[in-house]
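Colleague: The sequence shown maps to residues 66 to 187 in the numbering used here.
There may be inaccurate statements among the hints.
Said to hold, decoys possible - Once the Cα atoms are required to be at most 20 angstroms apart in a straight line, the calculated EDC-like pairs of lysine to aspartate or glutamate come out as:
{"no.": "1", "residue 1": "K95", "residue 2": "E114"}
{"no.": "2", "residue 1": "K95", "residue 2": "E137"}
{"no.": "3", "residue 1": "K139", "residue 2": "D177"}
{"no.": "4", "residue 1": "K152", "residue 2": "E114"}
{"no.": "5", "residue 1": "K152", "residue 2": "D177"}
{"no.": "6", "residue 1": "K173", "residue 2": "E137"}
{"no.": "7", "residue 1": "K116", "residue 2": "D177"}
{"no.": "8", "residue 1": "K186", "residue 2": "E137"}
{"no.": "9", "residue 1": "K152", "residue 2": "E115"}
{"no.": "10", "residue 1": "K187", "residue 2": "D177"}
{"no.": "11", "residue 1": "K95", "residue 2": "E125"}
{"no.": "12", "residue 1": "K173", "residue 2": "D129"}
{"no.": "13", "residue 1": "K152", "residue 2": "E113"}
{"no.": "14", "residue 1": "K118", "residue 2": "D177"}
{"no.": "15", "residue 1": "K116", "residue 2": "E91"}
{"no.": "16", "residue 1": "K152", "residue 2": "D168"}
{"no.": "17", "residue 1": "K139", "residue 2": "D129"}
{"no.": "18", "residue 1": "K95", "residue 2": "E115"}
{"no.": "19", "residue 1": "K153", "residue 2": "E137"}
{"no.": "20", "residue 1": "K153", "residue 2": "D89"}
{"no.": "21", "residue 1": "K181", "residue 2": "E91"}
{"no.": "22", "residue 1": "K153", "residue 2": "D168"}
{"no.": "23", "residue 1": "K95", "residue 2": "E113"}
{"no.": "24", "residue 1": "K181", "residue 2": "E125"}
{"no.": "25", "residue 1": "K153", "residue 2": "E125"}
{"no.": "26", "residue 1": "K186", "residue 2": "E125"}
{"no.": "27", "residue 1": "K118", "residue 2": "E137"}
{"no.": "28", "residue 1": "K173", "residue 2": "E125"}
{"no.": "29", "residue 1": "K181", "residue 2": "E137"}
{"no.": "30", "residue 1": "K118", "residue 2": "E94"}
Claimed, not checked - If you anchor each label on the Cβ, the simulated ranges turn out as follows:
{"no.": "31", "residue 1": "I185", "residue 2": "P158", "range": "17 to 23 angstroms"}
{"no.": "32", "residue 1": "G140", "residue 2": "S99", "range": "15 to 21 angstroms"}
{"no.": "33", "residue 1": "K181", "residue 2": "N90", "range": "26 to 32 angstroms"}
{"no.": "34", "residue 1": "T88", "residue 2": "L170", "range": "16 to 22 angstroms"}
{"no.": "35", "residue 1": "H134", "residue 2": "D177", "range": "30 to 36 angstroms"}
{"no.": "36", "residue 1": "M136", "residue 2": "E113", "range": "30 to 36 angstroms"}
{"no.": "37", "residue 1": "S162", "residue 2": "K139", "range": "29 to 35 angstroms"}
Just so you know, these hints were derived from the structure itself, not from any lab. Yeah, the Cβ is synthetic: ideal placement off N, Cα and C, and Gly gets one too.
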Amino acid sequence: MRKIYLYILLVFAISCNEKSGQTDNEISEKINSSNTNQIVTGYYYIGEEEKTKFIPNIFENPTDARISHSMEYKGISVYQSKMIAMKKISGLPAPNSINSTPDSLVIKFYYDWAIKNNYIKK
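Turn these sequences into a full structure, and let the hints steer you where they fit.
Modeller: Written as structure tokens, this is what we have:
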């Protein structure tokens with residue numbers, strides 16, 4: 066019984082470690098990947114860690130509607146992961162709900178915020 070608890074604790078510790086502390090290079094590799102799951106994961110880390118240096122990347126093809134099929138991010142589009150990252154970085158709620166379908170109002174809202182706060186040069 067004790068071995069089972071140790072095994073569960075080990076699995077939990079490994080999974081927690083995997084979620085944190087992504088380097089900028091690791092994030093860059095993920096968001097520049099051709100694999101949708103990797104891209105969504107990369108933007109997840111950008112939002113969680115509030116990595117403002119990647120804001121210009123968020124607005125490169127912001128309407129990317131490809132959807133992740135991984136267990137962790139199933140049904141999340143690249144667009145959705147980008148706008149959720151912007152929501153976390155800016156601390157501002159989106160004017161419309163963020164779902165898998167690209168919304169130009171949401172994109173413009175966060176793009177204007179990024180310009181106003183000098184993260185993107187117009």
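Colleague: Run every hint past the structure and note whether it holds.
Modeller: Verification of the hints:
no.	hint	result
1	K95 <-> E114	15 angstroms, holds
2	K95 <-> E137	15 angstroms, holds
3	K139 <-> D177	29 angstroms, violated
4	K152 <-> E114	12 angstroms, holds
5	K152 <-> D177	13 angstroms, holds
6	K173 <-> E137	28 angstroms, violated
7	K116 <-> D177	18 angstroms, holds
8	K186 <-> E137	34 angstroms, violated
9	K152 <-> E115	10 angstroms, holds
10	K187 <-> D177	10 angstroms, holds
11	K95 <-> E125	15 angstroms, holds
12	K173 <-> D129	15 angstroms, holds
13	K152 <-> E113	10 angstroms, holds
14	K118 <-> D177	16 angstroms, holds
15	K116 <-> E91	13 angstroms, holds
16	K152 <-> D168	14 angstroms, holds
17	K139 <-> D129	16 angstroms, holds
18	K95 <-> E115	16 angstroms, holds
19	K153 <-> E137	19 angstroms, holds
20	K153 <-> D89	18 angstroms, holds
21	K181 <-> E91	28 angstroms, violated
22	K153 <-> D168	17 angstroms, holds
23	K95 <-> E113	15 angstroms, holds
24	K181 <-> E125	18 angstroms, holds
25	K153 <-> E125	18 angstroms, holds
26	K186 <-> E125	13 angstroms, holds
27	K118 <-> E137	25 angstroms, violated
28	K173 <-> E125	13 angstroms, holds
29	K181 <-> E137	34 angstroms, violated
30	K118 <-> E94	15 angstroms, holds
31	I185 <-> P158: 17 to 23 angstroms	20 angstroms, holds
32	G140 <-> S99: 15 to 21 angstroms	20 angstroms, holds
33	K181 <-> N90: 26 to 32 angstroms	29 angstroms, holds
34	T88 <-> L170: 16 to 22 angstroms	34 angstroms, violated
35	H134 <-> D177: 30 to 36 angstroms	32 angstroms, holds
36	M136 <-> E113: 30 to 36 angstroms	18 angstroms, violated
37	S162 <-> K139: 29 to 35 angstroms	19 angstroms, violated
The earlier numbered hints that this structure contradicts are 3, 6, 8, 21, 27, 29, 34, 36 and 37.
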